[in-house]
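Student: As given, the protein sequences belong to chains A and B, one line each in that order. Per the numbering used here, residue 132 is the first one in the first sequence, and the count goes up by one each step. Per the numbering used here, residue 22 is the first one in the second sequence, and the count goes up by one each step.
Source of the hints: derived by calculation from the structure; they are not laboratory data. Where hints are given, some of them may not hold.
Stated by the list, open to error - Just a sample of chain A residues kept apart from chain B, beta carbon distances all over 12 Å, derived:
{"id": "1", "residue": "E211"}
{"id": "2", "residue": "A243"}
{"id": "3", "residue": "V254"}
To be verified - To give an idea of the chain A side of the interface with chain B (calculated C-beta under 8 Å), a few residues:
{"id": "4", "residue": "M132"}
{"id": "5", "residue": "G177"}
{"id": "6", "residue": "Y196"}
{"id": "7", "residue": "D197"}
{"id": "8", "residue": "G200"}
{"id": "9", "residue": "V204"}
{"id": "10", "residue": "M258"}
{"id": "11", "residue": "T259"}
{"id": "12", "residue": "E260"}
{"id": "13", "residue": "P261"}
{"id": "14", "residue": "T263"}
{"id": "15", "residue": "I264"}
{"id": "16", "residue": "E266"}
Beta carbons: idealized from backbone N, C-alpha and C, even for Gly.
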Amino acid sequence: MAKYLLLKHYRGAPTPVNDVPMDQWTPEEISAHVQFMQDWAARLEGTGEFVDGQALSPEGTFVRYDGEGRPPVTDGPFAETKDLIAGWMVIDVETYERALELASELSAAPGAGGKPIHEWLEVRPFMTEPPTITE
Amino acid sequence: MDEVLLRTLTPTVIGILGRRGADFAAAEDAVQDALVEAVRVWPDDPPQDPKGWLVTVAWRKFLDATRADTSRQRREVRAEGEPMPGPGEVADDTLQLYFLCAHPSLTPASAVALTLRAVGGLTTRQIAQAYLVPEATMAQRISRAKRTVSGVRLNQPGDVATVLRVLYLVFNEGYSGDVDLAAEAIRLTRQLAAMINHEEVAGLLALMLLHHARRPARTGPGGRLVPLAEQDRSRWNTSMIAEGVDVLQTALARDRLGEFQAQAAIAALHADARTVEETDWVQIVEWYDELVRLTDSPVARLNRAVAVGEADGPRAGLAALAELDPALPRHAAAAAYLHERDGDPVTAARLYAEAARAAPNLPERDHLTRQAARLNAQLRS
Numbered sequence: 132m133a134k135y136l137l138l139k140h141y142r143g144a145p146t147p148v149n150d151v152p153m154d155q156w157t158p159e160e161i162s163a164h165v166q167f168m169q170d171w172a173a174r175l176e177g178t179g180e181f182v183d184g185q186a187l188s189p190e191g192t193f194v195r196y197d198g199e200g201r202p203p204v205t206d207g208p209f210a211e212t213k214d215l216i217a218g219w220m221v222i223d224v225e226t227y228e229r230a231l232e233l234a235s236e237l238s239a240a241p242g243a244g245g246k247p248i249h250e251w252l253e254v255r256p257f258m259t260e261p262p263t264i265t266e
Numbered sequence: 022m023d024e025v026l027l028r029t030l031t032p033t034v035i036g037i038l039g040r041r042g043a044d045f046a047a048a049e050d051a052v053q054d055a056l057v058e059a060v061r062v063w064p065d066d067p068p069q070d071p072k073g074w075l076v077t078v079a080w081r082k083f084l085d086a087t088r089a090d091t092s093r094q095r096r097e098v099r100a101e102g103e104p105m106p107g108p109g110e111v112a113d114d115t116l117q118l119y120f121l122c123a124h125p126s127l128t129p130a131s132a133v134a135l136t137l138r139a140v141g142g143l144t145t146r147q148i149a150q151a152y153l154v155p156e157a158t159m160a161q162r163i164s165r166a167k168r169t170v171s172g173v174r175l176n177q178p179g180d181v182a183t184v185l186r187v188l189y190l191v192f193n194e195g196y197s198g199d200v201d202l203a204a205e206a207i208r209l210t211r212q213l214a215a216m217i218n219h220e221e222v223a224g225l226l227a228l229m230l231l232h233h234a235r236r237p238a239r240t241g242p243g244g245r246l247v248p249l250a251e252q253d254r255s256r257w258n259t260s261m262i263a264e265g266v267d268v269l270q271t272a273l274a275r276d277r278l279g280e281f282q283a284q285a286a287i288a289a290l291h292a293d294a295r296t297v298e299e300t301d302w303v304q305i306v307e308w309y310d311e312l313v314r315l316t317d318s319p320v321a322r323l324n325r326a327v328a329v330g331e332a333d334g335p336r337a338g339l340a341a342l343a344e345l346d347p348a349l350p351r352h353a354a355a356a357a358y359l360h361e362r363d364g365d366p367v368t369a370a371r372l373y374a375e376a377a378r379a380a381p382n383l384p385e386r387d388h389l390t391r392q393a394a395r396l397n398a399q400l401r402s
């Protein structure tokens, strides 16, 4: 099995087919979207492939070390930041093809007009543990 | 509490419940419940007869779970008069469980999970922790696996090769959680080897022992990878190596070579060298030739090319490598190593950096990055 991160972007991914901002949807369409995501996760738990799913708030802060004994320096949020993560799903699957298949399903989540968003998701493999036998 | 004893008894108790008429899925669930209870109760109140305790509790769990009262009474009556199975029957039952849990209809990951639970006696929680997934996910993976094999009737021996594949996966891709999966894989393979006289079972056991023996030397501080050539060989476990060599020799004497025996032979040749300079690379190349012939595996070809580089010089190794697909995992790392030995640190540094970017795990990536950094520092000075 291999773990993959399916990343949803607020910003930074190519434009989806059904590109209507969520605040322009009807409340029913939002509910249908949320329900779709929950059902998808529940189904993956049932197939033994679900690991984690989290959503992130769009507002973030940049932080850095500023020297011994000094408080952290914060900055942002930056309107110009190109890449903004909206959330993720982590799956544990037999093959890369399966990861693509599941990401594609997730991308079909309904949006405006109840039609699939066709949103672009980023699929990133996890680093694994090193194998015992190498030579 | 002796957790290994508890685990060892698991397949036996599943077998006993099976003989009393429980189907596999129900018997396995009941024994898992009994195990969880044993973990809870035994530390304060250890039983006189652990097996008897497990059988009694598991049987009660099974009866509680089955609702049909009439058949339940019949079963109860029948079970009471029934003697415990003898050692031969226990071994038969356990062997059948190995085959069932590694049944070809299962995906490798399902087979691994089911084997660890039903044969290995690990709890779902332990297996989930070991593979870094939520317990609910692992529970589903196991129950799906049980549904998949529910119709399987095992009245003839299964395929040993599928069992070995599963045990190899547990050993090689085991994560490091609470449970030492490599040690668990060895225990299960050792138990299998005691029940079935098969040269590849012995070959796999030897392979595991020979690699496990080097484990203390394989990582440095902070999980840093120490390559074979740089390992402190005094930290290798010599008695485990001796056992591995012994098991391998007995297997090879049967003159039915298989891939695990060939891999074990390569590991044995490494283990046999007191210093890296004493390594018999010519023989190692011969064993890789066998391995390539047996498996036709591109990974074996890649490792062979590296061994050729040691036996016949880096140019020969690079020539062997040139015949392989550059997209193979670790191709760039092998090429980097051979180029450095060939006196071309510029190419080697570039390839090490490329290999680091493609590395599938952190210790390997860090190791390759350090190699590139070492060469770049040399080139600057």
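Student: Would the hint on P261 of chain A be counted as holding, given a Cβ-Cβ threshold of 8 Å to chain B?
Tutor: holds (5 Å)
Student: Beyond 12 Å from every Cβ of chain B: is that where the Cβ of V254 of chain A lies?
Tutor: holds (15 Å)
Student: Would the hint on I264 of chain A stand, with a C-beta cut-off of 8 Å toward chain B?
Tutor: holds (5 Å)
Student: Let's test the interface hint: is any C-beta of chain B closer than 8 Å to that of E260 of chain A?
Tutor: Holds. Min distance 5 Å.
Student: Hold the hint about V204 of chain A up to the distance rule: shortest CB distance to chain B must be less than 8 Å.
Tutor: violated (28 Å)
Student: Is the interface hint for T263 of chain A satisfied, with its Cβ closer than 8 Å to some Cβ of chain B?
Tutor: holds (5 Å)
Student: Given G177 of chain A was flagged as interface, is its beta-carbon under 8 Å from a beta-carbon of chain B?
Tutor: With a closest approach of 5 Å, the G177 of chain A hint holds.
Student: Would the hint on E266 of chain A be counted as holding, given a Cβ-Cβ threshold of 8 Å to chain B?
Tutor: holds (6 Å)
Student: Under 8 Å is the threshold here; is the Cβ of T259 of chain A close enough to any Cβ of chain B for the hint to stand?
Tutor: Holds, because the Cβ-Cβ distance from T259 of chain A to chain B comes to roughly 5 Å (cut-off 8 Å).
Student: Does the interface hint hold: is G200 of chain A within less than 8 Å of chain B, judged Cβ to Cβ?
Tutor: This interface hint is violated because 27 Å lies over the 8 Å limit.
Student: Go through the hint on M132 of chain A and say holds or violated, using the shortest Cβ distance to chain B against 8 Å.
Tutor: Holds. Min distance 4 Å.
Student: Is it correct that the beta-carbon of E211 of chain A has no partner in chain B closer than or equal to 12 Å?
Tutor: Given that every Cβ of chain B is farther than 12 Å from that of E211 of chain A, nearest at about 28 Å, it holds.
Of the numbered hints listed earlier, those contradicted by the structure are 6, 7, 8 and 9.
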